[in-house]
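Asks: Protein chains in written order, with numbering that gives the first Met the number 0: chain A, 0 to 99; chain P, 0 to 805.
Note that these hints are calculated values from the structure, not bench results.
Backbone N, C-alpha and C fix where the C-beta goes; we use that ideal spot for every residue, glycine too.
Incorrect hints may have been included.
Below, a sample of chain P positions facing chain A; criterion: calculated Cβ distance under 8 angstroms [to be verified]:
| id | residue |
| --- | --- |
| 1 | 521 |
| 2 | 542 |
| 3 | 595 |
| 4 | 802 |
| 5 | 803 |
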Amino acid sequence: MDEMVNVGKCQNIPNGEGRKCTVKGEEIGIFNTGGEFFAVANRCPHEGGPLSDGILLGNEVVCPIHSRKIDLKTGRVAKEDLENKTFEVSVKNDEIFIHP
Amino acid sequence: MSGNFQRLVVIGNGIAGTGVIENVLAQNKPFKITVFGAEPYVGYNRILLSDILSGSKELRNTLIKDGEWYFENKIRLLLDNKITAIDPVLKTVRDADGNVTPFDKLVIATGSNPTVPDLPGVDKRGIFTFRNMMDADEIITFSKGRHTAAVIGGGLLGIEAGISLANRGLHVTIFHHGDRLMGQQLDDEAGLILKKELERKGIGVNLGHSAVEIIGNGSVEGIAFSNGKAYQADLVVMSTGITPNVDLAKRAGLLVARGIIVNDFMETDHPDVYAIGECAEHRGKTYGIIAPIRDQAKAAARAITGLNDFKYEGTVPATTLKVAGIDLVSIGEFLGNSPGSESLVYSDRGTSKYKKVVLQGNRVVGAILMGGSADHHWLQQLVKNKTDVTLFRDSLLFGETQDKGSRVAVLNDDDVVCGCMGVTKKTVVGAIQEHGLTSREEIGEKTKACTSCKSCGPLLDQMLQEVLGGDYVPVGEKPKSFCACFTCTKKELVAQIRTYNLKAVSEVLAKLGNGRGCTYCKPALSYLLSEIWAGNQREERGAKFINDRVHANIQKDGTFSVVPRIYGGITSPNELRKIADVADKFRVPMVKITGGQRIDLLGVSKEKLPLIWAELGMPSGHAYAKATRTVKTCVGSTFCRFGVQDSVSFGIEMEKLFEGLHTPHKLKMAVSGCPRNCAESYVKDIGIVAIQSGWEIYVGGAAGMSVRKGDLLATCKTNDETMRIATLFLQYYREQGNYLERTYDFVLRVGIEKIKRELLDSESEKTAVLLEHFKLAKLAVTDPWKSEVEKPFHATQFMELAVTNG
Ligand SMILES: Cc1cc2nc3c(=O)[nH]c(=O)nc-3n(C[C@H](O)[C@H](O)[C@H](O)COP(=O)(O)OP(=O)(O)OC[C@H]3O[C@@H](n4cnc5c(N)ncnc54)[C@H](O)[C@@H]3O)c2cc1C
Ligand code: SF4
Ligand code: FES
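Generate coordinates for the entire structure from the input sequences, incorporating the hints supplied.
Replies: As structure tokens, then:
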């Protein structure tokens, strides 16, 4: 559980955007909401849209496929009984680590 | 005659009396005019009394003419001065002070008096009629501290009085002897709907109640009815009809029936005495509305000055109930129960909508409109002109809505739009343009239109819509804010962005919006900034939809599609070979010909996009963007035996000129070589159709979720002219369109007539400015694929992040 993976430098993810990475076959979306980083399972719980390509509104990401809104902190899908997996993120020396 | 002028005396300072004077003055003939008014106020518009009673207007807002007008026109105005006798032989009138005034011509315009039934107790304190300013004042004073009011009489005036009292906070019940409200104007069904609407406004309605006695000790305490019931009331308004005020005329020996009898020149049986307004009876009819007065005053005035060239020939009565929230009009023979008449009826009690058109033979003779009176003028015109409606009988109930906006267009400049105040279309349009008016009220202030019965309101709205186009905001609506994240309108936003020199979406949101934004305004602002700063904005990719971050169209599985630009849809074997090779090499799952005559490579992963672009070496087709898309062409005169112009060359030229420009929503184009329209130009955002003598430009067409034939914007002789006007439209839409508003919505909102006015005047400065903006925008265009290949905007834009164990 304490295992961490390094996904590279902070500037790899510009402010207000997301990028994806694959850890052990699992796609994870990492987001920069303005200096703060979040990670969630990248495939939308609705129909699998790539969340890392979504528009960020505060701490929510809007899925580019059918516009479901997913809270990056809790993984909850707005107005729907769906939840997405979230991952802990830490930043050390300008490098981003996620805890899968 | 006295000297070289004639003495005109008018009895009555109401709408009729004032109207005749106005008409006489307009002829610039030598008259000395004297007016007597029994009331202590300068003539005011009686029909606004309800507004006085409810407290929404004051006397000074209701004057027909102010004191200055009388002074400037040298009219002797004697107020609070009642005429007590007319001597038709000596041609004099005597007033209450005993003074005698001689006349050469006399006009009697004494209106009506309320009829008050002779009930026991009717003289108690707290019983009022509602006819003049004094009545309104007294009711207002008496109502203070009182709670229940009763109105006896459920006609138009009774209902207006009831509503006004309710607006003052009284608990109001209307008692009506008949079994439907406004029996003079409504049928049973409409009466029922009106009753329900009044009850919804908290006003009680009791039908079948004939008052027999007023109960109370000094002041009124209640009313007893013939059906044995009795109700408590602190204040009672009697509204049980009016009687023409013919007393003076009768005593002077003039011919009088119900009203003072007049001919088509409004002459009584005395050659120098005229009667107009409510006191007059013409062809057996008296009226209780203002509509007839305008023509009556004109006829009388032109007889008085000796012209005798205008006959009054009667009026189709039309009544509007002026109660906020209840839209009700009754015209002519609304009952439809005479032999041979037929009624077309639409009724929806649920939403309180009722529409009835009464036909006699092939002609409309009456109508009732409830819950939407937009067709009022149109129907009234049909009745008045006795138009044969056989051909459009089946659409009468749907009115002119089928042909939106035409009502204003079919009016001539000199047609009267406000019947009450006699204001023409020309005057209203002129005032809107000159003073930049934006509402009925402002039009009223400048022109007096719509300050009386208000039934011309919907027509004025249309005129505003027509003149102002997209800047028009319907009554009751606030101008729309840019989006929920902003409190200002788009126009204000643009101004502030310029003032504060804001170059990035996040700056605009932080400074002017809620800081966070939404999926509408972030991309909308991206567009707006690119449009304002023409390339000098600071790009924030995160504010854009993924398509615009990676210049490709996202598909349901997260892959993308690639559509290279193929100008005019004309390709070559080499180009096709290249595309085929790329498709092979990158194992593109699907290659498809698009509806816009281009080739689509579907199912490409994001990482491969820059590689494919580099290999293709073709410019972006912008199929993913809110931007100018393809120009579809037919082969036109190059190959087609029907073609009259070279649609291919024109299409290619147009696509090159417009290429790469972003727009509020996608913009599809086409050029057809003849009106057979094989490129489907009629249903494009900008569609060009060749004709013998040049080209036609259609705009606002659609063949997607909406299907709409475009509007003809212009017909041009030369290619240059055609391109110039298409360019103007494109730039106008780029600047005036709301984000995500397709041209078909845009053209409807702004109005094709306004667009024509703005774009077709080749001399105008506006068009020069638009072309200048277009040029700047064009200068800023770069091919996004080429730019990304040569110098990526962000190093990881297309990449998956590499993972190493921490
Ligand atoms: C509350 C209310 C609402 C109305 N709403 C509408 C409506 O929505 N639409 C519509 O078309 N109509 C409406 N009417 C009716 C409309 O007001 C009248 O049809 C119109 O005012 C008649 O004008 P007139 O000049 O003929 O008479 P009046 O306005 O009655 O003017 C006659 C004037 O002559 C004066 N006068 C009388 N005798 C003498 C005398 N012997 N010497 C000197 N002066 C004298 C009177 O004091 C009065 O001021 C409404 C009326 C009322 C009371
Ligand atoms: S639109 Fe006219 S010119 Fe073009 S292909 Fe069709 S028939 Fe030929
Ligand atoms: S796949 Fe995300 S909203 Fe449908």
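Asks: All the hints need checking, so say for each whether the structure fits it.
Replies: Structure-based check of all given hints:
no.	hint	result
1	521	6 angstroms, holds
2	542	7 angstroms, holds
3	595	23 angstroms, violated
4	802	5 angstroms, holds
5	803	5 angstroms, holds
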